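Q: So the chains spell out like this:
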Amino acid sequence: MTATTVRPAEATPTQPRFTKRQRTDLLCKTVNYVVMTAVTLFFIAPIVYMFIGSFKPANKVLNGLGGFMPESMSFDNYLGVFARFNSEATGYFQDFYLTSTIVSTAVVLGGLVVNSMAAYALARLDWRGRDGVLLGVILLVIVPFEAIAVPLYYLLNDHRNTYYVQFLPFIANSLSIYLFYTFFIGLPKELDEAARMDGAGPWKTFALVIVPMSKPVFASVSILTFLSSWGSFLWPVMMVDQPAYRPLPLEISVFQGQPPTDWGQIFAFGVMLVLPLLVVFLLFQRWFVQSVASSGVKG
Amino acid sequence: MDTKSPARVTSPPTKRKATPRRDTVPALLMITPAMLGLLLGVVLPFLAAGWLSLNNIRLNSPRPAVWFGLEQYARVLTDPEFYRGLGNNFLFAVIVVPLQTALALALAMMLNQPLRGMKVFRTFFFMPVVFPMALVSVIWKLMYSRDDLGLLNALLHWISFGAIAPIDWLGSSSTAMLSIIIMSIWQGVGFQMIILLAGLQGIPTSLYEAARIDKASWWQQVLNVTIPGLRNTLIFVVMVTTIFSFRLFDQIYILTQGGPNSATTTVMYQAVTSAFTENNVGRGSAITVVFFVIVLAITIVQRRVLREEREV
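Protein chains in written order, with our numbering: chain D, 1 to 299; chain C, 1 to 312.
Incorrect hints may appear among the rest.
Below 25 Å or equal to it, Euclidean Cα-Cα: the simulated SDA-like pairs (lysine to any residue) are [stated by the list, open to error]: (1) C:LYS119 x D:PRO260; (2) D:LYS29 x C:ASN112; (3) D:LYS215 x D:GLY129; (4) C:LYS119 x D:GLY257; (5) D:LYS215 x D:MET238; (6) D:LYS60 x C:LEU29; (7) D:LYS204 x C:THR32; (8) D:LYS215 x D:VAL48; (9) D:LYS215 x D:ALA195; (10) D:LYS29 x C:ALA102; (11) D:LYS204 x C:ALA102; (12) D:LYS204 x C:THR175; (13) D:LYS204 x D:ALA194; (14) C:LYS119 x D:PHE226; (15) C:LYS119 x D:ASP25; (16) D:LYS60 x D:LYS215; (17) D:LYS20 x C:ILE159; (18) D:LYS29 x D:TYR49; (19) C:LYS119 x D:LEU140; (20) D:LYS29 x C:PHE124; (21) D:LYS215 x C:ARG304; (22) D:LYS20 x C:PHE124; (23) C:LYS119 x D:LYS20; (24) C:LYS215 x C:VAL238; (25) D:LYS204 x D:PRO260; (26) C:LYS119 x D:ALA195; (27) C:LYS215 x D:PRO260; (28) D:LYS215 x C:GLU209; (29) D:LYS60 x D:MET238.
Think of the hints as simulated: they come from the structure by calculation, not from any bench. All values reported here derive from a predicted model rather than from experimental measurement.
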């Protein structure tokens, strides 16, 4: 009998309305998750395709939707890449890696030192001509590399096929200076003042007070410059033709155009090319997202 | 500026007057490496572009450079091929800028919801941004394979129950640019999404609460709170994407070499091939200068729009 009295109570006017709202909430959530899962598939399908393909024989990669099937998986393609690039004529795989590593390391580390130092002088030191230099740096931010690639190619024609020609022009970077500048200018003035009262000069203040407080901007600039230098393509296309000095992105474009085309090996090459970027991305994702966001907060 | 005024008070007044700009020497030492790099690596080649474009100058040629006046510009600006490239850049911009921005905004708004698992989705949406364009082009080249074994053709075949015949994505002049566009959006949208997401998180929630009290619908909230709150971020994103549309090179070089029948040739592709393949540095430089004028125009328009906003 008690059960029958409870049941009508559940059906009071307020109760169904509440469940209805809950139901629309749930529906809303479900729709959201379904849409986002579909979008996720769009974004990761090509990546998954590459990863699976890199473990499969070539004829199973270019195979319609079957390209996603994990069948006859092995590391043969990876070994194949090392075997294929194993002579002076083809270049050695480890040399492509070495080139990319040397160039990116030099651009990132050199850039951190040179650009942060300049930004510190612009943001926190008192000197004649500062405003003019600052304006110049800001104006240079709008010059894309593409606008100087051709004349730079002409000017540096005698230095083709070297490591240094691939990194020297990219160490000083006006956008990096600007990002450091906006961060430094936001730090409290009392920092320098306190350091100076203790007798520290600009160099000491910079190295011992400002740099340790500016980890976020150092992380942002490192990530942005690493991303662009590891993927750099236009400049190597013009400046490098000898295999020994080719960075990875240039080599994969040469590799995919050379018959016989082995897509399994090309994808294995691609996985090895992108691995450092993916590792940095997954390990430092928070910084990654922050660095991209910071590059947009200029407007 | 007087960022160190209290410190100055403590120092002897005579010393202060003798060196009012006390940091000049260390400051110059600190900026020298960067300034040297920017002068030699950006300013010098930038000026050289102007000078080279006024000459008939070829690389690896025994003939010396000849003064050419504005002849290079006259030739470039009367060349139908150049306008074909410029037109392709515009086509790319007209499709990619609105589509990619709208998509990025939609994704950012989805991720901005207080739901569980948003960080995981953000990771996936952003992942293509990490991929260098050269690698992206190589992956998509295979996906765009023209026969029925190509991934995209197989997918369309499967979805349409066999109604859609295999398409020669990159080899046909009607689909080549579209293929480049889809691929570029796939790679680039995550970048804008993150910038817009940061912008969304900067809009105070109190504005949405006030809108809700006024019984504003979801759509009204988007129009009256979200879009105005994102105005500057949107302008920035639109400007960067427009400039990006004119920088188009890597994808073209790897996937189509400007073809078929110039369907995907671009300004930058022509500048590089003129200078690099044909050794015609003068012509390449002239195209470069025209390219920079376009970029400058876009930037100035953006500044104007932003300034109007500040005056309002």
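Q: Work down the list of hints and note, for each, if the structure agrees.
A: Verification of the hints:
1. C:LYS119 x D:PRO260: Violated - the C-alpha atoms of PRO260 of chain D and LYS119 of chain C are around 42 Å apart, more than 25 Å.
2. D:LYS29 x C:ASN112: Measuring from Cα to Cα gives roughly 13 Å; hence the hint holds.
3. D:LYS215 x D:GLY129: violated (28 Å)
4. C:LYS119 x D:GLY257: violated (38 Å)
5. D:LYS215 x D:MET238: violated (35 Å)
6. D:LYS60 x C:LEU29: violated (60 Å)
7. D:LYS204 x C:THR32: holds (18 Å)
8. D:LYS215 x D:VAL48: Answer violated: LYS215 of chain D to VAL48 of chain D is near 34 Å, above 25 Å.
9. D:LYS215 x D:ALA195: Holds: LYS215 of chain D and ALA195 of chain D sit about 19 Å apart, inside 25 Å.
10. D:LYS29 x C:ALA102: holds (22 Å)
11. D:LYS204 x C:ALA102: violated (48 Å)
12. D:LYS204 x C:THR175: Roughly 60 Å between the alpha carbons, so the hint for LYS204 of chain D and THR175 of chain C is violated.
13. D:LYS204 x D:ALA194: Roughly 12 Å between the alpha carbons, so the hint for LYS204 of chain D and ALA194 of chain D holds.
14. C:LYS119 x D:PHE226: holds (23 Å)
15. C:LYS119 x D:ASP25: holds (21 Å)
16. D:LYS60 x D:LYS215: violated (47 Å)
17. D:LYS20 x C:ILE159: violated (35 Å)
18. D:LYS29 x D:TYR49: violated (29 Å)
19. C:LYS119 x D:LEU140: Not OK: LYS119 of chain C and LEU140 of chain D at ~35 Å, beyond 25 Å, violated.
20. D:LYS29 x C:PHE124: At roughly 19 Å apart (the allowed maximum being 25 Å), PHE124 of chain C and LYS29 of chain D satisfy the hint.
21. D:LYS215 x C:ARG304: violated (34 Å)
22. D:LYS20 x C:PHE124: Violated, at roughly 33 Å.
23. C:LYS119 x D:LYS20: violated (29 Å)
24. C:LYS215 x C:VAL238: violated (31 Å)
25. D:LYS204 x D:PRO260: Measuring from Cα to Cα gives roughly 59 Å; hence the hint is violated.
26. C:LYS119 x D:ALA195: This hinted pair is violated, its Cα atoms lying about 40 Å apart.
27. C:LYS215 x D:PRO260: Violated, at about 65 Å.
28. D:LYS215 x C:GLU209: violated (36 Å)
29. D:LYS60 x D:MET238: violated (35 Å)
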